[in-house]
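According to our numbering, the stretch in the sequence shown is residues 160 to 412, in order.
Simulated from the structure, these hints should not be mistaken for lab results. Quick caveat, the model's predicted, so the values are computed rather than measured. The beta carbon of each residue, even a glycine, is placed where N, CA and C say it ideally should be. Hints should not be assumed to be uniformly reliable.
[Unchecked claim] Restraint-style ranges between C-beta atoms, simulated for each label pair:
1) Asn364 to Ser408: 21 to 31 Å
2) Asp264 to Thr370: 36 to 46 Å
3) Pro365 to Pro397: 32 to 42 Å
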Amino acid sequence: MTNPLAPGSLSGQRVLITGSSRGIGAQTATYVAEAGASVVVNYRDKAARADKLVAGLTAGGASAVAIAADLTDPVSVQAMFDRVRSELGGLDVLVLNASGGMERDVAEDYAMRLNRDAQVNALETALPLLGPGSRIVFVTSHQAHFIDTVETMPDYEPVARSKRAGEDALRALIPTVEAAGVEFVVVSGDMIEGTITATLLERSNPGALATRKEAAGRLYDVAGFAAEVALAAVEPVPADHTRYVGDISSFTG
């Protein structure tokens, strides 16, 4: 897919994307780096994958660095943002992309710790680095955004509820964020073909993707959805702070 951002449109901008060593985060990092931003690729433990992404971006003339941080560990998160302050002097865009909860062998409360508590901590830790005119983008799914009114697959419900809790907790901070001159946007999309979440859901619910595609008419792939996330970093903030990607009629009708 063609980069939705014009070349040089993010020159001088500093962007950190959580969970960006693969998937939507990695593709978003690619788009913003190609548009001229200095990009921080955050990862938890896949250093080789993050380093490969950064090497590819820098080989193409972009500015990028990989920084490890476990978002559920406040000390690790603080160290990441301390390094950002030291090396970049601050941030212009924070993309809260990392999420999880469907992995095997994780604690029962892991989804809530990652998708709610860690998101709030990341925002609060990053806020001193974000000046007036900067932006925070939170990435979620329609299944999570509308979970209070529309049921989702049982296997995904704990994740959906934790992500909705995270969104609600972040929205409660909007007055504080806006008082600092920082903008806040939620990007909500349907199931995304090619993501680990879609793969895990399909594994536990064979035919889930086909069923959802039939209901939605179209499902975005990683590149297409990442383009919407990248645009959310630069386009005007919607009145309700929410950028809906794709058709939402089956959630609102």
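Which earlier hints turn out false for this structure, listed by number in ascending order?
-> When the structure is compared with the hints, only number 2 turns out to be violated.
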